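Chemist: If you're matching them up, the sequences are chains A and B in order. Residue numbers for the first sequence follow our numbering, beginning at 1 and rising by one. Residue numbers for the second sequence follow our numbering, beginning at 1 and rising by one.
Calculated from the structure, these hints are not laboratory results. Check the hints yourself; a few may be wrong.
[What the hints assert, rightly or not] Here are the simulated BS3-like pairs of lysine-lysine, each with C-alpha atoms no more than 27 Å apart in a straight line:
{"id": "1", "chain 1": "A", "residue 1": "K13", "chain 2": "B", "residue 2": "K15"}
{"id": "2", "chain 1": "B", "residue 1": "K184", "chain 2": "A", "residue 2": "K421"}
{"id": "3", "chain 1": "A", "residue 1": "K299", "chain 2": "B", "residue 2": "K111"}
{"id": "4", "chain 1": "A", "residue 1": "K111", "chain 2": "A", "residue 2": "K122"}
{"id": "5", "chain 1": "B", "residue 1": "K134", "chain 2": "A", "residue 2": "K376"}
{"id": "6", "chain 1": "B", "residue 1": "K111", "chain 2": "B", "residue 2": "K131"}
{"id": "7", "chain 1": "A", "residue 1": "K747", "chain 2": "A", "residue 2": "K329"}
{"id": "8", "chain 1": "B", "residue 1": "K134", "chain 2": "A", "residue 2": "K2"}
{"id": "9", "chain 1": "B", "residue 1": "K15", "chain 2": "A", "residue 2": "K373"}
{"id": "10", "chain 1": "B", "residue 1": "K15", "chain 2": "A", "residue 2": "K376"}
{"id": "11", "chain 1": "A", "residue 1": "K13", "chain 2": "A", "residue 2": "K635"}
{"id": "12", "chain 1": "A", "residue 1": "K49", "chain 2": "A", "residue 2": "K219"}
{"id": "13", "chain 1": "A", "residue 1": "K2", "chain 2": "A", "residue 2": "K49"}
{"id": "14", "chain 1": "A", "residue 1": "K281", "chain 2": "B", "residue 2": "K33"}
{"id": "15", "chain 1": "B", "residue 1": "K215", "chain 2": "B", "residue 2": "K125"}
{"id": "16", "chain 1": "A", "residue 1": "K376", "chain 2": "B", "residue 2": "K131"}
All figures in this text were calculated on a predicted structure; none of them were measured in a lab.
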Amino acid sequence: MKRLNIKMLRDIKKNLSQFITIFLMIMIGVMAYSGIESYMGGMKETADKFYTENNLQDLNLVGENFTKEDLENIKKIYNVKDAERKLSITGTTDNDKTLLLNFIESNNISKFYVVEGEEFNKNKSGVWLDEFYAKENNIKLGDTILVKYENIELYEKVLGLVNIPDHLYDVRDESELYPDRKEFGFAYLSANEVSSIFKDKMFFNYVMVDVDDTGKTDKVKNEIEDKIQNAKAIINIEDTSSYRTYQGEIDEGKTYVGVFSGLFLFIAMLSVITTMTRVVKNQRTQIGTLKALGFSNRKIIFHYIGYGFWISIFASIFGLILGYFVIGKIFINLEMAFFEIPNGHPAMNSGCYIVALLVVLIVSFITYITGRKILKENPAETLRNQIPKVNGKSLNITTKGIFKKLGFSSKWNLRDIIRNKMRTFMGIAGVLGCAMLIVCALGMLDSMNFFVELQFEKLYNFDYKLNIQEYVSEEDLNTLYSQYGRYTSQTLQIEIKDEDESRESNNIFVTDAGDYVRFVDRKNNIIEKPTDDGIYVTYKLAENKGYKIGDTITWHIYGDSRYYTSKIIGFNKDPQNQNVTMTRKYLESLGLHYKPDAIYTNLDLSQTKEIKNIETIQNIDSLKEGMNGMLSMMKTMLILIISIAILLGGIIIYNLGILSYTEKQYQFATLKVLGFKDKKIKNIFIEQNNWIAVISIIIGLPLGYYLTDWLFKTAIEEHYDFGAHINLLTYIISAIGTFIISYIVSKFLARKIKNIDMVSSLKGNE
Amino acid sequence: MDKIVELKNVSKVYKIGESEFKAIDNIDLSLNKGEMIVILGPSGAGKSTLLNLIGGMDTPTSGKVIIDGENISTYNQNRLSEYRAENVGFIFQFYNILPSLTVKENVDIVKDIVKNPISTEEALKGVGLEKHSKKFPNQLSGGEQQRVSIARAIAKNPKLLLCDEPTGALDSKTGVEVLKLLRKQCDGNNGANTVIIVTHNSLIADIADTVINVKNGKIEEIIHNENPKEIDEVKW
């Protein structure tokens, strides 16, 4: 087999550009797939490891004051492994930053990962700060910071910079979408630091519970509900924003990213299969020669499988390596700048290896099938040049109707397409796929921008949102009303009880904000005046739960065991929250007290830094910035995906161009012999490629829209409700971009026509 | 004389769409070992089909093809491959040498399939190409390429050397050189090698021991030359 191996290497060298494109297509396909998969795998593995090693809690108990006895009783519940109390309050610093202050007695549940400094010690005086906040504010280990809560001021030395399992991500309040690490952070201190100040008024408002069997969490939850009167709300860790957002990122990525990587691989494989088939077919007479010499079919087939096998195995290995180290690392690093979690790393799962192996098997199988087909013929047959089968009838179309009037080059191209349907089909599939991916990636950017506009231009019709402090008297509220107006809202954390008695967390937005906070229907038209006789639910929530207008839902507010049943009177669309909305009047009709937590105003507060009884002042622009910030990571990923799409598209178009050129070389040589000028032949060649590009674009653009819409509707996190909103400009850019790539490649290949040696081209085909 | 090839009631029918085409029509033929045999006939007469049947490159629709006492028409593809590898050397009109291998490697390749090949050096020397062994086919003239093809065929030391229009693509001078090489194969090796040449060039007939005229898939006549001409005597 030595000589045959030399032959293979030389054949590859001889057709280097074709083999390089095959190599690149497989490599990029596998790279995109394994890179994206290892990014998603890494997200999961990193979190799982952190959660397990640092003992993330299963339940959070919220109350006003949990006593030592409560803690002991919780620990006694069967299946409870451990429980810890904490006092969690919102404090500030000397430069008006917000810090969530946590005073703890021990640190065995949701244990810190110490990035720098020392482990938690109850007897030590000082503060453990979250790493991102410290970095953003240039706070170093050993620095002393001031933390304030009401009248208490504590000067604390920074003892550690830490990551905390239940705070990978957190925002100051619901309306903030993107964590602002410079303005909001977490600080952990020993409970001893305040117990001497609070003395007998010392309280713990949180208990973290670790359950030994996650399957028993609901049972434990019910038991706590029965036994611990102080527990006003019991929240599963899965319902906390940090856990949910991170998990959402994984779930969302899994689908949309899977679709992209799958498509890349599919398009690449289509092109590789076409090329590999042609490569083997071009060796037809050599196969015949080997047969005539007496080589067994087995030897010949192994020789040809080698072409596909070696190229695909090397390309797949490179693809896996680049996928992990380039795509995987870039994506993970983007995520790790957003989520505060240690040791983020991509993780290749077995699926990647299986896909890479499948690619090798498919390519080898294709070479096997093509080779076998030729080998099945008699060697005498194989040695004859294969005359392309032409169905005279199918060419008849070019002699009838409007086709009759076509010029020579159009007729020639039309017949060439009819004769080479498969090659044309593959060409269209390749270019179409690329056009579709470009539309989809750019379209996702458009759609996100559209929803930012919808949220902040249409739904939010205020300049400032003032978040009212939790404990505010009626008198203080009236003072605020008189200064900033009476347009207010309240958000209630609720649990909805389904028919099967299962309960799910959600929230009710109670509006008394008039035109300052608006609602839209499915078609983005403003719902003029929400009525006061029931509740509105968002479309997506309704779809997920199967709610219809006229249905009722049963709910209770956290901390209040009374259940209410409300009738659904309408649907509204909310791009970022799938919840329930009701008017203040309806809330009060249920006998509930309306206690606003936000005031909306259009007053100019640009110079106002602090307002009494107001926790935070939020400007609409900074909220919008927050949303854009959140989307920026997605945008970076999409830009990377677009780049791969363009690269892959270019290679596929080039590869199919080479194929089509090689196959037409003989005919072009004949045309040259007949006296056709190079320019005319070049135009014939470019014309066909242009047709293919135009057809692909026409089909690819709408498919791109449907792909985007599908991705947004099914793949994106549950609490978002996006749909495709693609600008005309995106279609134009995608169409022109795809066409230009195709045209440049055609032009580049057409240059070769000048160098066709008529004699050897024609002889070579004898 | 020993028979090397015996054809009994051999027919080869090709199906083209709905119709049938008889390329070989019920032929009986026997050929002697160690002779140079020329099969003559116009295009489409069935010469190449006959050669392919003898070489195990094609199978008959009916009849027996017996080579050196073995009926190869019952062989499956694998046995046919073995038969070709051990017994037959092919020389084609368009050389069919592997373009990505050098002259030496093209001849060397038979070592992968034949148990007792003659040395590559000897084969190349025999065709006068020993100095070109490192060249690639595209660096050679047509005559030189055909000589590589002959070297490859004789390196197998085959019982049968089957040549399909071996001079068809060559000028007359080079053609003569090639024919001399083929004659040498017949005359040397104690008559162990038989050379069968298919051609439509009737001039070549004069140098053969046996001439078979084929027309419309049938054998028209068989001529045995008692005194075949020397190749240099033939006027082209």
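Chemist: Taking the hints in turn, state whether each one holds.
Modeler: Right, here's what the structure says about each hint:
no. : hint            : verdict
1   : K13/A / K15/B   : 40 Å, violated
2   : K184/B / K421/A : 51 Å, violated
3   : K299/A / K111/B : 14 Å, holds
4   : K111/A / K122/A : 13 Å, holds
5   : K134/B / K376/A : 34 Å, violated
6   : K111/B / K131/B : 21 Å, holds
7   : K747/A / K329/A : 37 Å, violated
8   : K134/B / K2/A   : 17 Å, holds
9   : K15/B / K373/A  : 19 Å, holds
10  : K15/B / K376/A  : 17 Å, holds
11  : K13/A / K635/A  : 40 Å, violated
12  : K49/A / K219/A  : 26 Å, holds
13  : K2/A / K49/A    : 50 Å, violated
14  : K281/A / K33/B  : 38 Å, violated
15  : K215/B / K125/B : 38 Å, violated
16  : K376/A / K131/B : 38 Å, violated
Comparing the model with each earlier hint shows violations of hints 1, 2, 5, 7, 11, 13, 14, 15, 16; every other hint is respected.
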